[in-house]
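Sequential numbering of the sequence shown, starting at 41, is according to my numbering.
Any given hint might turn out to be false.
Distance condition first, Cα-Cα at most 20 angstroms in a straight line; then the derived SDA-like pairs of lysine to any residue [said to hold, decoys possible]: (1) Lys98 / Lys209; (2) Lys98 / Leu182; (3) Lys131 / Thr212; (4) Lys158 / Asp108; (5) Lys131 / Ala75; (6) Lys99 / Gly191; (7) Lys98 / Leu199; (8) Lys131 / Asn153; (9) Lys99 / Lys131; (10) Lys99 / His133; (11) Lys99 / Lys163; (12) Lys163 / Val145; (13) Lys99 / Gln221; (14) Lys131 / Lys163.
Pairwise CB distance ranges (calculated) [stated by the list, open to error]: (15) Ala169 / Val145: 16 to 22 angstroms; (16) Thr212 / Asp144: 32 to 38 angstroms; (17) Ala154 / Asp108: 32 to 38 angstroms; (18) Ala151 / Thr119: 19 to 25 angstroms; (19) Ala215 / Glu91: 29 to 35 angstroms; (20) Glu125 / Glu206: 18 to 24 angstroms; (21) Val145 / Thr212: 29 to 35 angstroms; (22) Val155 / Thr212: 37 to 43 angstroms; (23) Leu178 / Asp210: 16 to 22 angstroms; (24) Ser81 / Asp179: 21 to 27 angstroms; (25) Thr187 / Asn153: 35 to 41 angstroms; (26) Ala223 / Val155: 39 to 45 angstroms.
Think of the hints as simulated: they come from the structure by calculation, not from any bench. Note that CB positions come from ideal geometry on N, CA and C, so glycine has one too.
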Amino acid sequence: MAQVRWLDGRFRLRLVFILLMLSATALCAAPRDPAQYFFDSTFGDFAEELETARTEGKKGILLMFEMDECPFCHRMKTTVLNQPEVQDYFKEHFMIFPVDIEGDVEIHDFAGNAVSQKDFALKTHRVRATPVFAFFDLDGNLVARYTGATGDATEFMWLGEYVVQERYKDSTFPAYKRERQAAAGR
Numbered sequence: 041m042a043q044v045r046w047l048d049g050r051f052r053l054r055l056v057f058i059l060l061m062l063s064a065t066a067l068c069a070a071p072r073d074p075a076q077y078f079f080d081s082t083f084g085d086f087a088e089e090l091e092t093a094r095t096e097g098k099k100g101i102l103l104m105f106e107m108d109e110c111p112f113c114h115r116m117k118t119t120v121l122n123q124p125e126v127q128d129y130f131k132e133h134f135m136i137f138p139v140d141i142e143g144d145v146e147i148h149d150f151a152g153n154a155v156s157q158k159d160f161a162l163k164t165h166r167v168r169a170t171p172v173f174a175f176f177d178l179d180g181n182l183v184a185r186y187t188g189a190t191g192d193a194t195e196f197m198w199l200g201e202y203v204v205q206e207r208y209k210d211s212t213f214p215a216y217k218r219e220r221q222a223a224a225g226r
């Protein structure tokens, strides 16, 4: 009889442990599709999108210059841009749109000029490598640019904070990143 109680108690302990693990897993946010949760829909009129950003109280517009075959773009989408905390933070502060650097689709730039996506990327913004994350203020001025994939979601969050806090006015992103790393003990 004593052995049955011990097994019963051990079973209960395991059951409690399993339930705690399941609860902890449920609390951790699962990755979400960046196409749906990170990027905004657009008809490609960035002058109009600026007006929407102003109306919605955003800090500006974030463009991700990308191309289909880019492994670094893919890595960003599957390891960083799919994270709920990244999506929530960036959606709160920016309107976000992808731009295909090889695209022939006509868009309207921040001044309202019609141009293909590839000309907007190459001729207007000199994008030659992907991804490029370009942050524009509410007047359509480029305020920060980051080329390549960030190391992780934390670094990408720091990039967003760098722009939201307008630290680009007095610091470079690498200097800001060093500050954050020192503060975090990294």
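Okay, the hints, checked on the actual structure:
1. As the CA atoms of Lys98 and Lys209 are separated by approximately 18 angstroms, the hinted pair is consistent with the 20 angstroms bound.
2. Restraint check for Lys98 and Leu182: the C-alpha separation of about 15 angstroms stays at or below 20 angstroms, so the hint holds.
3. Distance hint between Lys131 and Thr212 is unfulfilled; the C-alpha atoms sit about 23 angstroms from each other, more than 20 angstroms.
4. Restraint check: the Cα-Cα separation between Lys158 and Asp108 comes to about 13 angstroms, which is no more than 20 angstroms; the hinted pair holds.
5. For the suggested pair Lys131 and Ala75, the alpha carbons sit about 12 angstroms apart, so the restraint of at most 20 angstroms is met.
6. Pair hint Lys99 plus Gly191 does not hold up; C-alpha atoms about 24 angstroms apart against a cutoff of 20 angstroms.
7. A hinted pair counts as satisfied when its Cα atoms are at most 20 angstroms apart, and Lys98 with Leu199 qualifies at roughly 16 angstroms.
8. At roughly 26 angstroms between alpha-carbon atoms, Lys131 and Asn153 are farther apart than 20 angstroms, so this suggested pair is violated.
9. The straight-line distance between the Cα atoms of Lys99 and Lys131 is roughly 10 angstroms, inside the 20 angstroms bound, and the hint therefore holds.
10. The hinted pair formed by Lys99 and His133 meets the criterion: a straight-line CA distance of about 5 angstroms does not exceed 20 angstroms.
11. Taking the CA atoms of Lys99 and Lys163, the gap is about 25 angstroms. The hint is violated against a cut of 20 angstroms.
12. For the proposed pair Lys163 and Val145, the alpha carbon gap of about 15 angstroms is at most 20 angstroms, so the pair holds.
13. In summary, the hint linking Lys99 to Gln221 is not supported, as the alpha carbons are separated by about 24 angstroms, beyond the 20 angstroms threshold.
14. Under the criterion of a C-alpha separation no larger than 20 angstroms, the hint pairing Lys131 with Lys163 is inconsistent with the structure, at around 28 angstroms.
15. The hint said 16 to 22 angstroms for the Cβ distance between Ala169 and Val145, and at roughly 21 angstroms that hint holds.
16. At roughly 35 angstroms, the beta-carbon separation of Thr212 and Asp144 lies within the given 32 to 38 angstroms, and the hint holds.
17. Hint check: Ala154 to Asp108, Cβ distance near 23 angstroms, so the stated range 32 to 38 angstroms is violated.
18. With their beta carbons about 35 angstroms apart, Ala151 and Thr119 fall outside the hinted range of 19 to 25 angstroms.
19. Range check, Ala215 to Glu91: about 33 angstroms between beta-carbon atoms, so the 29 to 35 angstroms window is met.
20. At about 22 angstroms, the CB distance of Glu125 to Glu206 agrees with the hint of 18 to 24 angstroms.
21. Separation of Val145 from Thr212 is about 33 angstroms and conforms to the stated range, judged on CB atoms against 29 to 35 angstroms.
22. Our hint of 37 to 43 angstroms for Val155 and Thr212 is violated, since their Cβ atoms are close to 29 angstroms apart.
23. Between Leu178 and Asp210 the beta carbon distance is about 20 angstroms. The supplied range of 16 to 22 angstroms therefore holds.
24. Take Ser81 and Asp179: their Cβ atoms lie about 23 angstroms apart, and the range 21 to 27 angstroms holds.
25. About 24 angstroms separates the C-beta atoms of Thr187 and Asn153, a value inconsistent with the hinted range of 35 to 41 angstroms.
26. Roughly 41 angstroms separates the CB atoms of Ala223 and Val155, a value that falls within the hinted 39 to 45 angstroms.
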